[in-house]
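Trainee: One-letter residues, chain by chain:
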Amino acid sequence: MAQRTLTLFIVTALMLGTCTYLAWGKPSSVVGLFVVSGLAVGSLYSLGGIGLVVLFRATGVLNLSNGAIGALGVMLAWQLQQWNFPQIATWVIGIATTTLLALVYGRLIAPGLAWRDPVVKAVATLGFALIVLGITAFAWEDDVRKFALPSDKISYTLLGLRITLTRLIVILAAIAIVIAVWLYLSKTRTGLNMRALADNRDISALIGIPIVKTETIAWGISGLIAGFTGLMFGDLVRLEPFVITFMVIPAISAAICGQLRNLGVVLIAGLCIGVIESMLTLHPVLKSVRPMAPFVIAIIVLMWVQRGRTNYFAGN
Amino acid sequence: MQMTKSAKIGLLFALLAFTFLPVLAGGQWIKIFISTGCFILAASGVAFMYARLGMVSLGQVALMGIGGWVMLRMNHAFDLPFEINLAVAGAVTLVFGWLLAMPALKMRGLYLALITLMAAGGLEVIFSTYRFPNGGEGFWGVMPSVAAPFRRPLVATDDADYLRYIIFAIVVGFLIIELHMRAAPGRAWAMIRRSEAAAYASGVNVVYYKAWAFGLAGFLAGTSGGLLAGGLGLLDPATFRASESIMLFALMVVGGSRGWLGVVIAGVLYRVVPALFNDWTIDADIALVIFGAALLHAIITAPNGLSGQLIDLFGKVGKRT
Amino acid sequence: MISLDNLTVRFGGVTALDAISAHFTQSISGIIGPNGAGKTTTMNAISGFLDYDGAIAWNDEKIDALNPFKRTRWGLRRSFQKEQIADDLTVLDNLLAITDNLPLSRDEKRAEVEQAIESLAITRLVNRKADSLNAYEKRLTDLGRCIIGKPKIVMLDEPCGGLQQEETDHLGELILKIPTLTQATTLIIDHDVDLISRVCAETLVLDFGKRIAFGETAKVLADPKVKAAYLGVEEVEA
Amino acid sequence: MTLSVEELTVCQNGKAIVKQVSLQVEPGKVTALLGANGAGKSELVLAIAGMMTVETGSISVAGQPITNASPEQVRRHGVAAVPEGHRVLASLSVDENLRAAGALLKQTELVETLKQIYELFPELALCKQQIAGTMSGGQQQMLAIGHALMAKPQYLLIDEMSLGLAPLIVKRLVKTLEQLVKLRTGVLLVEQFTEVALSIADSVIVLRSGKVCYSGSAEQLREDPEILAGAYL
Amino acid sequence: NDAVCGLNNGQAASGEPIKVGAIYGNAAPGDFSAATDAANAYFKCVNENGGIHGRPIQYLVENDQWNPELAAQAAAKLVKDEAVVAMVGNSSFVEMSVNAPMYAENGIMAMASGCAVSECFESSNIVSTNQGPLASSVGAAMYAVEELGATNISCIGMAIPSVGNWSCGAVQSYMESKGLNASYVLLNPAAPDVNSALLEAIASGADSILVNLPAGLAIAFLSVAEEQDLGDAYSWTSSTPLYDASVPKTLGEYWSGKMFVSAELTTIDGAGADNQNWLRVMDAYADPADPRDTFAQAGYLSARYFVKTMNEMNPVNVDNRALVTAAIQAIKGYDSDLMCGPYYVGRADRHMPNHAGIIVEVRDEAFHVVRDCFEYEGPYFEPILDAEKTLGLR
Ligand SMILES: Nc1ncnc2c1ncn2[C@@H]1O[C@H](COP(=O)(O)OP(=O)(O)OP(=O)(O)O)[C@@H](O)[C@H]1O
Ligand SMILES: Nc1ncnc2c1ncn2[C@@H]1O[C@H](COP(=O)(O)OP(=O)(O)OP(=O)(O)O)[C@@H](O)[C@H]1O
Ligand SMILES: CC(C)C[C@H](N)C(=O)O
Ligand SMILES: [Mg+2]
Ligand SMILES: [Mg+2]
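If you read the protein sequences in the order shown, they are chains A, B, C, D and E.
For the first sequence, the working numbering begins at 1 and goes up steadily by one.
For the second sequence, the working numbering begins at 1 and goes up steadily by one.
For the third sequence, the working numbering begins at 1 and goes up steadily by one.
For the fourth sequence, the working numbering begins at 1 and goes up steadily by one.
For the fifth sequence, the working numbering begins at 1 and goes up steadily by one.
Straight-line alpha carbon distances no greater than 30 Å define the calculated DSS-like cross-link-like pairs of lysine-lysine that follow:
1) C:K225 x D:K175
2) C:K227 x D:K128
3) D:K115 x C:K225
4) C:K227 x C:K210
Everything labelled a hint here was simulated from the structure, so no lab data went into it.
Model the full assembly from the supplied sequences, consistent with the hints where possible.
Mentor: In structure tokens, the structure reads:
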């Protein structure tokens, strides 16, 4: 626990330091704008990263198809909006679809790969991502679209920047999910079963953990989160299946900062990445390569937390 | 040194391809095979790292981008022959391979794979922001108008000869890997794969041999990137996206990582199959669905890759006859 | 002779080895103790896999400054509690993996490998892939790796774990040959007390990271403290 | 009311490793499973536990078939196995390992069983919060046995029970087994120390390259060790 | 039906077909197939109306899937394996930069319809009917300056040198030539975050924002601007990508009357005879689902000019690639109400015949023309105008 808190502290300090460097000498009003704007994007990275980590901690699968599933969900919700379904129905159906898709993978496909190494499991989800993405792109030919939520119309001003309610919802939801999942995994028996399963499926089976039930719950939760994330990405980033699908790659960087484990760090890292990426706009040279921020930060953080540690017994 | 049966078949296969492929294929298919060949060479780097060290690099295609970038940069900046440019491209990428090896000293498995993916993500941004040199001024060498000419090897100026050139390069690449496998590095890598404790207890300088492996994979990526640049005369960032690196690894798993056949299958799946789909005018989105489904199916049903299945199949047939 | 001086290892707050000192003067010595006593930790420290305080030396050659692979090149050999041979290599390649890294000439290397194969009588195994070996054959290979290349220290961590009685006996014979084949000082961990008393002239007993006895094996095994902590002979407690 | 295995054949990579093996584990009895290295003992244990696909033959508990049932179902039928090689959930703590192993128990039962395990292995109680992967080999073996005991099994299969365990612990375990047997638990014991195995076994089965080559009472073997030596060769 | 095509003699073409190729891009980021679809419709119409000197056109179309290697393979197939006489209606983001040297080497002309990158306009063997981001951005900037009173424009472009820097750079030099200010913000297409780009534009002190992005990205950019309620704080213009039928509705009421878009060709519903003919050709020969948009207009126009050129050639020469190329290069002063200026080709290292356009306004979920054909100004066009003078077009 102490170790984790320390990690969290170090990560935060590092990122704040970078921000200070970037903001040095700029008027504080401008800095404020960029910080708030960065928090808004960062919360999306956090949300994406949390979705990945939750499933990883529960099943040991790093699901690269999260983005594709979410994209399908939000496209469907958009379509229903076009057909004048009631707003709430569109979201519910969208999220229900993503949950179903996650369950399809988790129940039908993932067990066949349970004994493969984690990288192969992750790569296999890419296959699923391609299928889902292909279907989505086929069903919704390239066109100009926009997905809007009622909360887009309500906004608040923070440090000079207007923030819509949708963005606040993303941040609050990310925090809520982190707390809820943490409580669930560490305090409940199903949570413990999930962690056991993620550690070693064979042994878990042997010691009588109800694998089917546990995995169903885990994939279901991950599908719910993916659906919600998809709706938010569709609203706040772009309603384009390819863009949403591949948002999973920068989301991985937030997940890596939390070592695929520590949800609190994932949340903070995501926000920090967003802020740093936004503040890089202030740097004359680096601004053109701003989107590198998540990747560079992930590499630095992971190398930092693994520093000095040689695990001689790692291996198979 | 003794030749295994698989090596003999491989060499025969390469010889047949060398002789007949350029003659039988038309302009379009020669181009397709040229890029297939380049990716086969690159995939061989990922495959030996995975099969022998148990390390996953999800950055191989991005490294190819570096090789390609250097190749173009050299071509447009100096008047050196193709081979020298290629060697420089390989060498520079080898150094980048070492850089990737730095995290590998402390990490393995999924973490390492993700770190290489992050590196690929970063490179994707650089490539798409600065583009590939096309004969313009300055360090980045990009100009708005049509690319300056690219000098192919003197022995292979037209596409058909260039394809032969690439087949030759692949054979050389495979031989380099094979020589490593049969000597001290191969054994050291096997020990590292078993566990680092085992490697240290065998006196293996783990840092050195890991860096060596990454360097070799980087070198293969760099040369293949350089060869790819030679195929088109210019390069586009879209070729080197991070997702392509994942795709190459996935297809390598599908093909099978132990031996030349798996790597060749991976290259064919990566370039020939999409080209076929395109030729059959299958909708690109539907092609994606088919491709994804096939990928998933192969990963699940063929744990040793399609090459493993093929070898089993021929083994059985061979026994029966 | 192996000498451990005030060897201390800590994991976070836990002291796994607490100032262990022992001078193994015999050519084959044992380390025993209850589970979690720190036996494997001792070997890991000698291998250089752990940060430790204290000093380790062989015949007055200090090895503390060497990192793990340099220790192997210097002359340290060991096997692990869970065998660690490379599955995808042949037995021969597993042996060569050690000589590859030794400062020997090509001929010397070949001679070393041949000698090891011959003395363990594993000629029939040399071209088998390690994953096709059974537990005993794997242990033999492990032992082969340990006697190759003029070792100075050989450490075997539960070499007979999971072996049948006859196999254990045979492996014991082979271990007894180590001093004639090499000049190495050998350390053995095992829970098979019969084996220990048969092959080890001297034994160190650890409990909770502390040295509770050290000396001639028979004497040590008769020590009431050892009986209570390790052998589970309750009567002596009084 | 027995765990009975009939004509069981199990393959690994297309090769039969357990061939037509039949055996019975009766409540309140210990059956020792012996055999040379690679004879197929471990495979047999795993097959009964539901971890291997059974090619032909059947397994049943008290008349109910569990052939090719999932490991979880097997455990629900009261059969718990300790596989070979200290297999624990390496990234979880000791306490979490044991709690996870009690997944099929009610909360109150879980707490109680947990207490019993810690009484049996006070060594584990000392390091409840330690990550299982960092424990010593013997400690992991205790934990693996603890996993099985958490199920309060009617039938207990233990592969290489004493592997890596100090003599003191082995003695304690033997006592525990005797107690369990008194409570009418059936035990299938794979053990490399033949003496230990014979000292508590009621019947003995010896495997040689996957086939049963001896089956009889332990009494007989205790009296005439030559029979066993013959069976091994 | 009364569509007018080619020789328009109502006789079906027969004999050995004349092979014509095209490459379009349809995959992940967008579908560029509208131009080839329209060209295909026109060729079908021509084949039913006398073809080329009575011979039919065989139109071979390849998809490059936005993949440069596929683009090169497609070109190899068409130019080498199929030996097409010319490329007509090409429309892609990657094809031209990859294949331009190859076209030059093989002496084949590409009468493209959808060019996006600079390489396409600055190469010897490609000529496009559309304007591309540079010309249409300059048009938008001119409107902002002349009608909306802009004095300092921030051009929001894509961070791709041959697109963003190139086109926004031209806007900047136009503004400088007028003694005004401009700056540009380049947006990485991979970036999820468009907010910072908006903030950067604001920080530049601009009073007018020119959105020069693909439609999807532009919509995202405008949503964050709407979030900040900047619709009235700046004047807003855009290059052609936003001239797409579904845009006004997607943008919603907020942008009604605030957004001005530069259109490269006449409006879709343009009343001109040629535009109406295009619509008729589409109705008669194209799939009803094929888009009727600017690219379709451009594809139709390229195809029409190509057929016209071929029919004016000596019938014995129409299979000779070199002579076809020469004939295309000789095109000069072709007119259509689809395009504001004359179409010509000429032998040159760069081609941009279409550099006059119209401006439409987004209002009440539709587009309305607010300024009819006007010539674009600025330093970039000077060499082009000089070339036109030597051709006698001015
Ligand atoms: N993956 C595999 N492929 C082929 N053969 C295998 C495989 N795994 C195990 N075997 C073989 O199966 C046989 C039985 O193995 P098993 O582990 O059951 O033996 P055992 O009697 O438990 O021996 P031990 O005393 O060594 O534990 C052995 O000959 C072993 O070599
Ligand atoms: N990485 C670690 N972190 C924390 N504690 C550890 C770590 N490694 C070992 N320990 C503890 O140190 C003690 C000594 O372990 P060691 O492996 O040396 O025992 P051992 O004597 O070899 O026991 P066994 O006979 O069971 O193999 C044990 O209590 C173990 O739990
Ligand atoms: C498109 C996919 C089917 C495969 C991969 N992306 C490729 O271009 O080859
Ligand atoms: Mg130990
Ligand atoms: Mg066994």
